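> Sequence:
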Amino acid sequence: MNPTPADAAMTEQDAAAVVARARFDAAGLLPVVVQQWDSREVLMVGYMNAEALRRTLVEGRVTYWSRSRQEYWRKGDTSGNTQHLRGAELDCDGDALLLQVEQHGPACHTGERRCFDVDPFLPLPAQAHRTDDPEGTP
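Here the sequence shown stands for residues 1 to 138, where the numbers follow my numbering.
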């Protein structure tokens, strides 16, 4: 069964445990990769501080910290293009977060569905791929 947005919300106690596990940078921020829960398409990248993460986990509506405005913004409050939480995962180091959301309307402030639709430059030319490195890094 797929979780509904309301099912994805946590108790304050459970959210506090996740916030405690997260490793925020020197500015107190955590990068957040956001993907559509059912198609897995990457929609955008944002940032959260501890309070934005807590609000997101408890309320089930995604809240970010705006680095430029230095304030909280809950996705969709002004645009109507909301993000409802369907799942969340900290990475292995706890210093990045993957959110699975139900996106309503465009995710990008430009009006595009995804922030990554603007300038696609892949696939890379064949000579850019190395086959002698098992990690696949140049």
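Rather than coming from a laboratory, the hints here were simulated on the basis of the structure. Incorrect hints may have been included.
Claimed, not checked - Quick list of the computed label-pair ranges, beta carbon to beta carbon:
| hint | residue 1 | residue 2 | range |
| --- | --- | --- | --- |
| 1 | Ala16 | Arg113 | 31 to 39 Å |
| 2 | Ala96 | Ser39 | 15 to 23 Å |
| 3 | Gly111 | Gln70 | 23 to 31 Å |
The structure presented is a predicted model; accordingly, all values stated were derived computationally and were not measured. Built from N, CA and C at the ideal position, the CB exists for glycine as well.
> Decide, hint by hint, whether the structure agrees.
Hint by hint, here is what the structure shows:
{"no.": "1", "hint": "Ala16 <-> Arg113: 31 to 39 Å", "in the structure": "34 Å, holds"}
{"no.": "2", "hint": "Ala96 <-> Ser39: 15 to 23 Å", "in the structure": "21 Å, holds"}
{"no.": "3", "hint": "Gly111 <-> Gln70: 23 to 31 Å", "in the structure": "25 Å, holds"}
Consistency note: the structure conflicts with none of the earlier hints.
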